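K.L.:
Model the placement of chain U on the given structure of chain A, informed by the hints.
Protein chains in written order, with numbering that gives the first Met the number 0: chain A, 0 to 787; chain U, 0 to 164.
No incorrect hints appear here.
Covered, in the sense of this in silico footprint (three residues per stretch, anywhere, with C-beta under 8 Å from a C-beta of chain A), are these stretches of chain U:
| hint | segment |
| --- | --- |
| 1 | 25-31 |
| 2 | 42-50 |
| 3 | 73-86 |
| 4 | 106-117 |
| 5 | 122-136 |
| 6 | 142-149 |
Calculated from the structure, these hints are not laboratory results.
All values reported here derive from a predicted model rather than from experimental measurement.
Note that CB positions come from ideal geometry on N, CA and C, so glycine has one too.
Below are the chains, spelled out letter by letter.
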Amino acid sequence: MTLLDPTRSVTRHVGARQERLEDRPFLVGDGRYCDDIDLPGLLHAAIIRSTSPHGIVRAVDVSDLTVPVDLVLGPDEIAAASDPCPIHWILPEQWQTERPLFDGRVRFVGDPIGVVVAADRYLAEDALDEIFVDIEELPAVVGIEAALADTTLLYPDRHTNVMARWTAGDDDEHTDAVFAAADETLTIALRIGRVAGVPMETRAIVVDPGRPGRDGRPEKLTIWTSTQAPHAVRDAVADVCRLPQHRIRVIGPDVGGGFGVKDHAYEDELMVVLAALRLGRPIKWIEDRWESLTTTTQARDERYTVDIAYDRDGTLRGIRVDAVRDSGAYFSIFGAGPLFAMTGTLGGPYRWDAVNSHARAVASTTCPNHSYRGFGQTQATFIRELAVDAVAAELGVDPVELRIQNCITPDEQPYQLRTGPMKYDGGDYPTSLRMAQELTAAWPAPPDDGRRWGVATSIYVQQAGVGPSQGNPHVGLQIGSWESTTLRMERDGTVRAYVGVSSHGQGHATTFAQLIADRLGCEPEQVEIIHSDTDVTPYSAYGTAASRSIAVGGGSAILAAEQLATRLCAIAAELLEAATDDIVLGSGAASVRGTPARSIDIADVANRAWQGWALPAGYDAGLVEHAVYEPPEFTWSYATHTCRVAVDPETGLVEIDRYAVVMDCGTVVNPTIVEGQIHGGVAQGLGPALCEEVVVDETGQPRTTTLLDYLVPTSSLMPDIEIAFQVTPSPHTPGGMKGMGEGGTNGGFSCVVNAVRAALPEVADRLTQTPLTPARVWRALHPDQENP
Amino acid sequence: MSAVTPATDVRVTTFVLNGSETTVTVRPRTLLSDALRHDAGVHGTHVGCEQGACGACTVIVDDVARRSCLTLTPQVDGRIVETIESVAGPDGLDPIQQAIHDTHGMQCGFCTPGIVMSLVAARRAGVGQVTAIDEVLDGHLCRCTGYINLRAAIEVAWSGLEVSA
Numbered sequence: 000m001t002l003l004d005p006t007r008s009v010t011r012h013v014g015a016r017q018e019r020l021e022d023r024p025f026l027v028g029d030g031r032y033c034d035d036i037d038l039p040g041l042l043h044a045a046i047i048r049s050t051s052p053h054g055i056v057r058a059v060d061v062s063d064l065t066v067p068v069d070l071v072l073g074p075d076e077i078a079a080a081s082d083p084c085p086i087h088w089i090l091p092e093q094w095q096t097e098r099p100l101f102d103g104r105v106r107f108v109g110d111p112i113g114v115v116v117a118a119d120r121y122l123a124e125d126a127l128d129e130i131f132v133d134i135e136e137l138p139a140v141v142g143i144e145a146a147l148a149d150t151t152l153l154y155p156d157r158h159t160n161v162m163a164r165w166t167a168g169d170d171d172e173h174t175d176a177v178f179a180a181a182d183e184t185l186t187i188a189l190r191i192g193r194v195a196g197v198p199m200e201t202r203a204i205v206v207d208p209g210r211p212g213r214d215g216r217p218e219k220l221t222i223w224t225s226t227q228a229p230h231a232v233r234d235a236v237a238d239v240c241r242l243p244q245h246r247i248r249v250i251g252p253d254v255g256g257g258f259g260v261k262d263h264a265y266e267d268e269l270m271v272v273l274a275a276l277r278l279g280r281p282i283k284w285i286e287d288r289w290e291s292l293t294t295t296t297q298a299r300d301e302r303y304t305v306d307i308a309y310d311r312d313g314t315l316r317g318i319r320v321d322a323v324r325d326s327g328a329y330f331s332i333f334g335a336g337p338l339f340a341m342t343g344t345l346g347g348p349y350r351w352d353a354v355n356s357h358a359r360a361v362a363s364t365t366c367p368n369h370s371y372r373g374f375g376q377t378q379a380t381f382i383r384e385l386a387v388d389a390v391a392a393e394l395g396v397d398p399v400e401l402r403i404q405n406c407i408t409p410d411e412q413p414y415q416l417r418t419g420p421m422k423y424d425g426g427d428y429p430t431s432l433r434m435a436q437e438l439t440a441a442w443p444a445p446p447d448d449g450r451r452w453g454v455a456t457s458i459y460v461q462q463a464g465v466g467p468s469q470g471n472p473h474v475g476l477q478i479g480s481w482e483s484t485t486l487r488m489e490r491d492g493t494v495r496a497y498v499g500v501s502s503h504g505q506g507h508a509t510t511f512a513q514l515i516a517d518r519l520g521c522e523p524e525q526v527e528i529i530h531s532d533t534d535v536t537p538y539s540a541y542g543t544a545a546s547r548s549i550a551v552g553g554g555s556a557i558l559a560a561e562q563l564a565t566r567l568c569a570i571a572a573e574l575l576e577a578a579t580d581d582i583v584l585g586s587g588a589a590s591v592r593g594t595p596a597r598s599i600d601i602a603d604v605a606n607r608a609w610q611g612w613a614l615p616a617g618y619d620a621g622l623v624e625h626a627v628y629e630p631p632e633f634t635w636s637y638a639t640h641t642c643r644v645a646v647d648p649e650t651g652l653v654e655i656d657r658y659a660v661v662m663d664c665g666t667v668v669n670p671t672i673v674e675g676q677i678h679g680g681v682a683q684g685l686g687p688a689l690c691e692e693v694v695v696d697e698t699g700q701p702r703t704t705t706l707l708d709y710l711v712p713t714s715s716l717m718p719d720i721e722i723a724f725q726v727t728p729s730p731h732t733p734g735g736m737k738g739m740g741e742g743g744t745n746g747g748f749s750c751v752v753n754a755v756r757a758a759l760p761e762v763a764d765r766l767t768q769t770p771l772t773p774a775r776v777w778r779a780l781h782p783d784q785e786n787p
Numbered sequence: 000m001s002a003v004t005p006a007t008d009v010r011v012t013t014f015v016l017n018g019s020e021t022t023v024t025v026r027p028r029t030l031l032s033d034a035l036r037h038d039a040g041v042h043g044t045h046v047g048c049e050q051g052a053c054g055a056c057t058v059i060v061d062d063v064a065r066r067s068c069l070t071l072t073p074q075v076d077g078r079i080v081e082t083i084e085s086v087a088g089p090d091g092l093d094p095i096q097q098a099i100h101d102t103h104g105m106q107c108g109f110c111t112p113g114i115v116m117s118l119v120a121a122r123r124a125g126v127g128q129v130t131a132i133d134e135v136l137d138g139h140l141c142r143c144t145g146y147i148n149l150r151a152a153i154e155v156a157w158s159g160l161e162v163s164a
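The following block holds chain A by itself, in its conformation from the complex:
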């Protein structure tokens, strides 16, 4: 694909720090989130959940119920009224390819069993206290080791708790040969803790069955839900609740953050849909924070044995990982996809002779483990960069110089990965590291305050944008990854863009408007971005996820705008008696290049198009264009993160003192918004590095059920961040954008962990489990002492 340039337009909004166009309602309290939706006759739901980590549901007893309720929808009715929910990522040896809403068992504390519906939420929760669920308890299976022991099976008709198993990259024979030929090898055992996504708005759904159609079922079922992917919800409702897709309308209103955990329809949400269908009345369900921290899908929780082979001159030879992921009670929509992404991106920016992974996903009686910002690439970066730092320590060399020595150079691009039919799409990784060196060189020396100081640098190459749809089935992914945009210019020259990707904080109303305005010669304020309504907006299997909105969705917006610009220029050329190629758009007019006096208002052009007057041969009336962008290849953004930390040896407390990022995400549409994504991404990197951890005790009970136990970073933990850009436009995407939303998390997590290890080199081999809480750091420093 050739890189399109907005040559038909004289405006240049891409690259500008355009102020966000969507802010005002949120600033004055006029956001319209799910819980702000009210409907006549609205009822409220609460979810009946398992209090046991594992068991067989014998009965749901409502005989003690005194609270007035409108409906108790129990598991048997749910099972009878629903079909299984498909899983969209099928990996080798994976037997679970769909999941019923209820199969007679519960497998984690919080597992949904049914729905109670009442006049308000308080009453619905009162009713929960009076509903007795008789569960025949089975042993809990907590932790990877317990799962692998297969003493208790979550799915008794299977002989193992292993849910999927695969190898990736070079084969074992080749890898063994590379390791045998290398001067040195090194082995590290690592554990990465379980985390929760914690969007500030919890999950939420409002279901309105509307009026019955001629078959008695809803003519149009309308659902408002806090989602990243309205079409994925629509598809799931159709599959599970047995409704045709055209009779389901899913709307994403304002959404208070997603971070991966809102990329699919959940079992409890589908149960609420079934309840609304049963009652024929609208129902609202708002997840509370306890539910959010125990039933919204979690992430990571993996253990690794990492082998790295290298030569004494610093040449990295091979990396080999044996990885096990605790997938929790069952596979959610993308199954063990995050671990697959880890194995596919393990190599990062370095030349290797061998990259090899053995991966397993196991089931345990804990909350399902699924998508979260980084989607396995955070783990790949963590494993690789920690191992490279360990090699530098062994060799006694500067870890940044070791990285530069082994980095793929620009003249080796496009570089063929060892882990799949993918090529990096350009960039200068060594310069990224050099730029980071320059930033850190300017840092003042740390104070001599008794704390231990450490600096670390991490570099990652992130698969963003997601590649061609037709490639997805080859890796087990059952959905396409193209995007489209429909553009309509109104009679007055203003523009509406209907896009498939959703916005829930990413600023699409601004950045997509910048992309489109540049092609049409208008101002971003004249472009409205419309998203998240399956009756109106284009199909998107993914929605907003995987750092792909601006690269893929934005690519389709550019293509549609180019088509619309061509149409406008052709009409204007007819009116101005000039050649189409000589028309330029800008300042609300179409004019002849070099002869600005020969000009016509865009509104005049648009009006003629809508009236069908004076159109060139071959052009129909109207000003609507639709464009599909199918990414021909993956895009790969990359960044170097470097930070300095101070560790208090008395308390184990880590402070992040300095932080710098050198980012290359291709064309930067809006630097302010990209910087904001880096800030938020880094916060979600350093949280799991230092304080965020989902804890489930050995009996299977969750212990981190409030935001006073599950510690999300506050401002005092977050350093300021220096940011520098490289700009290497992707050759594959219209506009050259690469996508970067998850990058801050990828770089931040490993960078902070490695800086703590660098601060305490004598105990680094005990700092191998995240998060590095004060207690863990203190215990590493004082292995022989009781707790302080």
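P.N.:
For chain U alone, coordinates are given in the frame of chain A:
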């Protein structure tokens, strides 16, 4: 927990909401956050945790910032309550709101109203910039911004204010 009888167990609570006398008739256990959102008709106050941890629900009661999710509705009887809807004036945004916009201090916007209310209360109390950043902002959770631009917003909003550090 025993069930309540909804028809009889209600209480009238009257308070000044954003300058207007307001009466809600709700069960005494109704959280102020719920009464504001669902009975008093102001939905800009957001509920993020009902655990007092995130700060999204912060409102001002008698000039003091409070978690409305930890406040029972009858507790504000006879008191003055301010929510995010009261902050912008007829001439436009309050300087705190404007600064959050200008510095890109919000992304999804869910936590923003609570942060604005805490900062409005702090400014009114003469809290200085350092304390506003180190203590007031630290009482809020934001998952999108990483707080950096919110700190910048406070610096902008506090510049020119005559307050102590």
